[in-house]
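Q: Listed in order, the protein sequences are those of chains A and B. Going by this note's numbering, the residue at position 2 of the first sequence is 2; the numbering climbs one at a time, nothing skipped. Going by this note's numbering, the residue at position 73 of the second sequence is 73; the numbering climbs one at a time, nothing skipped.
I should point out that these hints are in silico values taken from the structure, not numbers from a laboratory. You can trust all of the hints, since none of them are fake.
Any copy will do: because identical chains look the same in the list, a pair fits if it lies in one copy or spans two.
Mimicking SDA-like on lysine to any residue, the simulated pairs with C-alpha atoms at most 20 Å apart in a straight line are: (1) K98 <-> G165; (2) K308 <-> A182; (3) K308 <-> P110; (4) K171 <-> G100; (5) K5 <-> V203; (6) K308 <-> A222; (7) K98 <-> E162; (8) K167 <-> G100; (9) K171 <-> D343; (10) K308 <-> N350; (11) K98 <-> E46; (12) K98 <-> S166; (13) K171 <-> Q99; (14) K308 <-> S170; (15) K167 <-> G335; (16) K171 <-> P309; (17) K143 <-> S24; (18) K171 <-> S341; (19) K288 <-> G326; (20) K258 <-> R221; (21) K258 <-> E282; (22) K98 <-> G164; (23) K171 <-> K308; (24) K98 <-> A174; (25) K185 <-> A307; (26) K308 <-> E226; (27) K115 <-> N189; (28) K171 <-> A307; (29) K167 <-> F103.
Protein chains: 2
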Amino acid sequence: MDSSKFPELKNDSLLRAATGRSVSRIPVWAMRQAGRYLPEFRQVREKHDFFEMCRTPELACQVTLQPLERFDLDAAIIFSDILVIPQAVGMEVKMVPKQGPVFPDPLQTPDDLQKLNFSVDVHTELKYVYDAITLTRHRLEGKVPLIGFTGAPWTLMSYMIEGGGSKTMSKSKAWLYRHREASHKLLGNLTEIIVEYLSQQVVAGAQLLQVFESHAGFLGRALFNEFCLPYLVRIRDGVRARLSALGQDKVAMTIFAKDAHYALSDLAASGYEVISLDWTIEPQTARKIVGNGVTLQGNLDPCALYAKPERIRELTNAMVTEFASGPYIANLGHGMYPDMSPDGLAAFVNAVHETKIIA
Amino acid sequence: MDSSKFPELKNDSLLRAATGRSVSRIPVWAMRQAGRYLPEFRQVREKHDFFEMCRTPELACQVTLQPLERFDLDAAIIFSDILVIPQAVGMEVKMVPKQGPVFPDPLQTPDDLQKLNFSVDVHTELKYVYDAITLTRHRLEGKVPLIGFTGAPWTLMSYMIEGGGSKTMSKSKAWLYRHREASHKLLGNLTEIIVEYLSQQVVAGAQLLQVFESHAGFLGRALFNEFCLPYLVRIRDGVRARLSALGQDKVAMTIFAKDAHYALSDLAASGYEVISLDWTIEPQTARKIVGNGVTLQGNLDPCALYAKPERIRELTNAMVTEFASGPYIANLGHGMYPDMSPDGLAAFVNAVHETKIIA
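Bound conformation, chain A alone (with noise of 0.2 Å):
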């Protein structure tokens, strides 16, 4: 398929908000708001395995589209995951019904990293991805942008020692602590796959590139700032080049460090357009750290979307006043959660686009 027709984006209030241009509307979009909470998702789902459904163009594209038929979104964001890293370097990963992903055999020594092939060509391995992007962003029709993503080392590193989720990331925040080196050599080599991955998103069609650092939080600031900041830095400025090496636009870039409250002063001066916020963050101190040069994004408490419509209103309508100040995403501060109502979401996406900005 053709990666370099796209139809015309009738709806750019994502993009124009990410680099910090006026908007007409505050653009909305969730994270994970293609998944298990919509029963046309559980439909695909039922018949597919999830990483079936990763690596078939046709279905990822299928339910990428699908809240975008029921919900006033301003964003798509290709349906994948952030493994497929971990998977494309020689790791076998599974999804687990009700326990998530599970990796059978996970890196337990610094030794084990000679198992991994971090000289996979991505171009071949993570094609799926591509082609993903590619049919979606023509099915799209430039109804509104597609946002591609990835893992960011540390989260996928911890991933791959703990073998699945973890209350505390204790066994790879011990390789921080005693395996220092072989930490940084494994962070690094994911950093260069990340690269080249993110900037073939954009040259496939992605229009906004986001980096999910979700097991930030772990880490204190000390940890941050050797682990987890350089990559990200690394990662910002090597798509940057890659892509004007590649003849490509440039794209804004946002980071999402989960419950990372210690880091929004650095995370500021990284580089990235755009950082996304859990909802620990209260609006105004985020506003007050970071400036008016970074666009804010998040964070309402995916949870909130419990409440009755009327009280998702209230607290939708406050939150995007508050935020509104500045150059501002609104979004949720995590993922949808799969017990949830689509008509939370409804109500949430309909009070963003509802609420009187004095600007």
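Fit chain B to the given chain A structure using the hints.
A: For chain B alone, coordinates are given in the frame of chain A:
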């Protein structure tokens, strides 16, 4: 056993630091210092169920004293569990190895509150805790003070609804958004029980009380201010009033609201003498927010204990130096994990005591 004539206290540095008085050395202890990381604890645990250990004063006393044999600690904390209160009001809780606590029959709807017995007589139902405290206080022979503790209302409520651990606490948070009145009823009832429970711990011999709001970080500031803070204040004020009515000397109280970085200034005004910090909060940031009128406790990343002793020493020296400009109790930012080495804790404790403080 007589709870009126206890041996004279020889090391009061914990109690002095907790109330802002000068100390000859920085007091140090570790959350979960009596636990599975100790081979001698595992020996006892092999022969006894977890809650049987809690309910048998001789066993609870034995494991409470174990870490004091190995390390130069300035406090003992009674071996018990925050879930003894849900048990006391009629819920079944099992401790499943490698999984943690499991409630076979968690609360599902507000109607389920009727199944709970909030008028339980905590004097008889939790007598085993008081007996363990009295026995341990005698056996300590005044070596160090004995700390009593409880789970805070929201943290207990979330366990009672989730039925065990959760990555999101989405079921219990759904109550806060959807069943506001029932949530307040449950939290209020738990608060009343906690006030009496803590007061009776003091009657039995506890010399400082710590309240664990372990699940604070799942909430943002708005939910915390509605569903946590007022109950934490009621506990603080209630215990003070109850101890006075009982003719008991007052004791210092510590609040540990894990991951509640957004609540520091509110906690500083809540009446607790000590605020215990998780490791994501920088010492100087915390001190700036709370001032010198409150004692800070914490907050080394527990995973730092996986490092080599020399590195633990460096990290601990740096932390103590930063904190010790104000009243301070050294601790970890969370409890010991089962796979840690006792040598790591030894390095931490010794590093605290060797740190030169220029006050």
